[in-house]
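J.: Here is what each chain is made of, one letter per residue.
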Amino acid sequence: MQRTITEKILAAHALEGEVAPGAIATIRPDVVLLNDVSGPLAFSQFAAMGATRVFDPERIVLVADHFAPAKDVESAEQLRLTARFAEQYGLRHHYGPGRGGIEHTLIAELGLVGHGDIVFGADSHTCTAGAFNALGIGFGSSDLAAALATGRLWLRVPATIRVELTGRPGRFVSGKDVILELIRRIGSDGALDAALEFGGPGVAALPMDARMAVANMAVEGGADWCVFEGDATSLSDMPARGMAPRPPVLADAGAVYARRIAIDLDALQPVVARPPSPANGASVEELAGTRVDQVYVGNCANGTITDLRQVAEVLRGRQVARHVRMVVVPATQRIWRQALAEGLLDIFAEAGAAVSAPTCGACFGGHMGILAAGEVALATTNRNYRGRMGHPDSAVYLANAWVAAAAAVAGEIVPPEQVMGNAAGGIA
Amino acid sequence: MSIAGRVHRVGDHVDTDVILPGRYLTLRDQAALGMRCFEGLDPGFAARIAPGDILAAGRNFGCGSSREHAVLALRGAGIAAVVAESAARIFFRNAINLALPVIVAPEAARALAAGEAAEIDIAVGVIRQGGREWRFPPFQGEVAAIIAAGGLAARVRATLASGAAPGG
Ligand code: SF4
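Protein chains in written order, with my numbering: chain H, 1 to 428; chain X, 1001 to 1168.
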């Protein structure tokens, strides 16, 4: 039978059942990932299951990222429970504040996910692993408690939607725009009960950080997960992340797809998603003049060194507008240090931006940049649902890092070239 | 298993952030989470729910974050079942795992009248309200087994105790 990438990777991990769209299969993971919010709930379910040991202490990764560093007594307790579980079961991978970062960026950086792998994560953005020619499958806490105990979970095998990429992105166009454009076209449930597969000649034009930005938001299109074709870029990326290279998993010619969608990167322009849905994509021009109170650069897919360099390109020699709060959150400790070494953090500070330690922070309305009633933010994050970053009557626009930085300088949404073309610098 | 209660309605693409806003993710107690249920959409919601009530929802219910706290919040508020046009995968699994039935029945989800009593027979696969009825395929396989056990924790507990491998 001719298979999609998803079907091939599932088949290589199937313990029971048939790997065909609609069928139920039992799958084993290579990595099991939990954080300080999903973890504590899973640990109590693990206890309720009567489990006394984990399936493999080498394959479980616990990351403190949502409320890390702890924002209050309750979150300190969640961090404590997470650290305690790691210690109690002798887990190899536990990363607290100052040692890790945001889980999805971190597991890639640590070389825990590569061609053909499967990650079970108690977080919906586990799909970020799709960038690495792997399947990142999001679950809730109870499912992952069962996975911790048994090293397996049942799932319904999805049909695959193929996204064919051609061309190469132009100036100020990034991976973020690829996915915001796709979701704009298919809607928030356009890929419900399906897996996305990104392939075609355009993949080569997307560096790994851009692929992460794309894969990260597969769930915002309703997809079970997504997977990129592996290529020379992803192959050479594996040793760069300390992994032994292994051949990518490619789709068979003649594999059956539920649907095919084409995106021409040459024609793509920056996309901004209006609140309250990531599917509300519009052009920068349509939204130009929208005043912003806060600009937030960070999150599991758009707090990479690539994003920070894009921001620095805009902010160098310019100032954040007086009425704007700008918050920059490098996704991991390593990215933070790289940004320090490259002088980027100084550019941000000089421009009037607040730079934080790696954390999920305000991305999910947790801490470190919450919005008041009526406030408007432009963020490089992945969700602009009602109240996502704070008060239910606040609003979030989603965009790439160039557009975000340009909005910070202008104090409103503007095409980046408008700010970059202003040699005199700050518009404030 | 039979459920009888009043129907409350929400629209399409109701995400788990509005069901339970992120700032409450330091809570783990069902009753405490229940008081915050739908605070992001309608702060009076939790107070209007009586234990056993039914939630009728549109497309893609429970999309977004994987937070299982959203299911605990619905249960804590008193919701006994959700009838939706469609449901997000992770939310559906989370609800089943905590023994909150999520029934995907598009016609019923659209037709159920808010404020009126309705009845659901999970085993037979029927929803009734005011003389009308809608059929749905009863849960099968692992989903049926989890619901019958009263949730995933009980199901895994039983299989671990028996030495058999769960799932499949
Ligand atoms: S950065 Fe935001 S989207 Fe990513 S894992 Fe953290 S809360 Fe979730």
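There could be a bad hint or two in this list.
To be verified - Partial list, derived from the structure: chain X residues whose beta carbon lies under 7 Å from chain H:
#: 1; residue: G1022
#: 2; residue: S1066
#: 3; residue: R1128
#: 4; residue: Q1140
#: 5; residue: L1160
#: 6; residue: S1162
Keep in mind that the hints were calculated from the coordinates and are not lab data. All figures in this text were calculated on a predicted structure; none of them were measured in a lab. The beta-carbon is built from N, C-alpha and C at its ideal position, and this holds for glycine as well.
J.: Taking the earlier hints as the rules, which of them does this structure contradict?
T.: The structure conflicts with hints 3, 4, 6, although it agrees with all the remaining ones.
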